[in-house]
Every structure is written in C-alpha cells, then in structure tokens.
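The listed protein sequences derive, respectively, from chains A and B. The first sequence runs 1 to 115 under the numbering used here. The second sequence runs 1001 to 1113 under the numbering used here.
None of these hints come from the bench; they were simulated from the model. Treat the hints loosely; a few may be bogus.
[To be verified] Quick list of the computed label-pair ranges, beta carbon to beta carbon: (1) Gln1083/B x Glu78/A: 37 to 43 Å; (2) Thr1060/B x Ser5/A: 28 to 34 Å; (3) Thr2/A x Asp1081/B: 27 to 33 Å; (4) Gly72/A x Glu1052/B: 26 to 32 Å; (5) Ala1001/B x Glu83/A: 39 to 45 Å; (6) Arg9/A x Met1011/B: 24 to 30 Å; (7) Gln1008/B x Thr13/A: 31 to 37 Å.
Quick caveat, the model's predicted, so the values are computed rather than measured. Glycine included, every Cβ here is placed at the ideal spot set by N, Cα and C.
The residues making up each chain are set out below.
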Amino acid sequence: DTGVSQDPRHKITKRGQNVTFRCDPISEHNRLYWYRQTLGQGPEFLTYFQNEAQLEKSRLLSDRFSAERPKGSFSTLEIQRTEQGDSAMYLCASSHRDRAGNTIYFGEGSWLTVV
Amino acid sequence: AQTVTQSQPEMSVQEAETVTLSCTYDTSESDYYLFWYKQPPSRQMILVIRQEAYKQQNATENRFSVNFQKAAKSFSLKISDSQLGDAAMYFCAYGTGGFKTIFGAGTRLFVKA
C-alpha cells in the first residue's frame, strides 16, 4: 500500500495562467476526491469520482476548474485562468466504497500560490 | 444539512499530560461514522481514530481514545501521555459511508516540553 501521491507538491504561478495537479490514489481504491484547504480551515469538498465517473461537484468548483479520472486510475485537476483567490492547498484523497465506512486517505497535498 | 463544529481553535498541553479535544456534529441520520484526523506541520492528513455510530463502545488506538455521546451528538478525542509529536491540527469529521466526508474547522494542539 503505497498511499496517495500528489504532484507537484508546490506550484507558484502568475495570475491568468493554467495549472494542473495530478493525483495517484491507493491502487485498490475505487473512489477519488479533491478537497481544497486554506490556512486555518478544514478541507472543503470539491469533487468526487467513483471509478472513472465524476459523480459529484461542489458549487465551489467554478467553470475554471475541471477534473478528470481517465480509466479510473490517476486523476488530474486543472485550474484555468488562475486568480489569487485560488491560492490554497489542493488535497487528493481516496477510499474504497465498501470498506471501513468509506474512510478516506489523503495525499500530502499540492500547494498553489497565485501571484 | 450535516455540520461539524470544533469550538476550540487552539489547545495546549504539557508533555506527558492528557488533553481532550471537543467536537459536536449535527445530523438526522442514525447510521454514520466519525473520524479524527491529524495534520502535522508537514501537512499530510493522517487518520487517528474512527468510530462507527452503531457501536456503543468507544474506540481506542493506543494513547488516543474517544468519548462518543450519540444522543448529545458529541465526539471528543482524548490524548493521553501527550508527546511532542502530537503537536498538530486535529480535524473532526463525519461521514455516512457515502461519498461525502465533512470536516470541522480544526483545533491546533500545542505540546509544551
């Protein structure tokens, strides 16, 4: 069990640029999540995949955000035309639907700074 | 809608002492799960302990234990024999076994040597 991995760990970008984050979940997990966390706050749900299907998106996820999980394996989160308000930690997590109350396991996060 | 409230933004404990972090939640469901996660300064969120609502017995994991009061919708975390490595943000979370897990705002725990 190698855990959830995320890349890059840190990204600094200029306002208006596009950024993409990648997440590799725990291999046998069929659910994958993206959360956003700002300093001093708990994680906020953004979106969720079961296998390759994106089944839920938060209202926090504006049209500039898009997430994919081709073939139900790794996932990408793209932010287009970044704004300073997008600066946050983007956390990926995974779980197995039928195990342990759907306990989710997090990656180390991708920290985005928009300047 | 389900909510999770952590009323203590910060807590402090002396090394080797015991500290209790509070959490309350609101739900109309009868079957659910509650979690405590730890987020050290390195920022990876780690599961500390999990409680199934249908179980009356409080969960324990080594120095970590919970006091689950279902009727009061209270789920506190007790850390015994506190260690310097326990210093972190602690998040209480709620889930129904469905896809969504809801987190509280967190409690920052300081451990004094």
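Each hint tested on the structure:
{"no.": "1", "hint": "Gln1083/B x Glu78/A: 37 to 43 Å", "verdict": "41 Å, holds"}
{"no.": "2", "hint": "Thr1060/B x Ser5/A: 28 to 34 Å", "verdict": "30 Å, holds"}
{"no.": "3", "hint": "Thr2/A x Asp1081/B: 27 to 33 Å", "verdict": "31 Å, holds"}
{"no.": "4", "hint": "Gly72/A x Glu1052/B: 26 to 32 Å", "verdict": "28 Å, holds"}
{"no.": "5", "hint": "Ala1001/B x Glu83/A: 39 to 45 Å", "verdict": "27 Å, violated"}
{"no.": "6", "hint": "Arg9/A x Met1011/B: 24 to 30 Å", "verdict": "29 Å, holds"}
{"no.": "7", "hint": "Gln1008/B x Thr13/A: 31 to 37 Å", "verdict": "35 Å, holds"}
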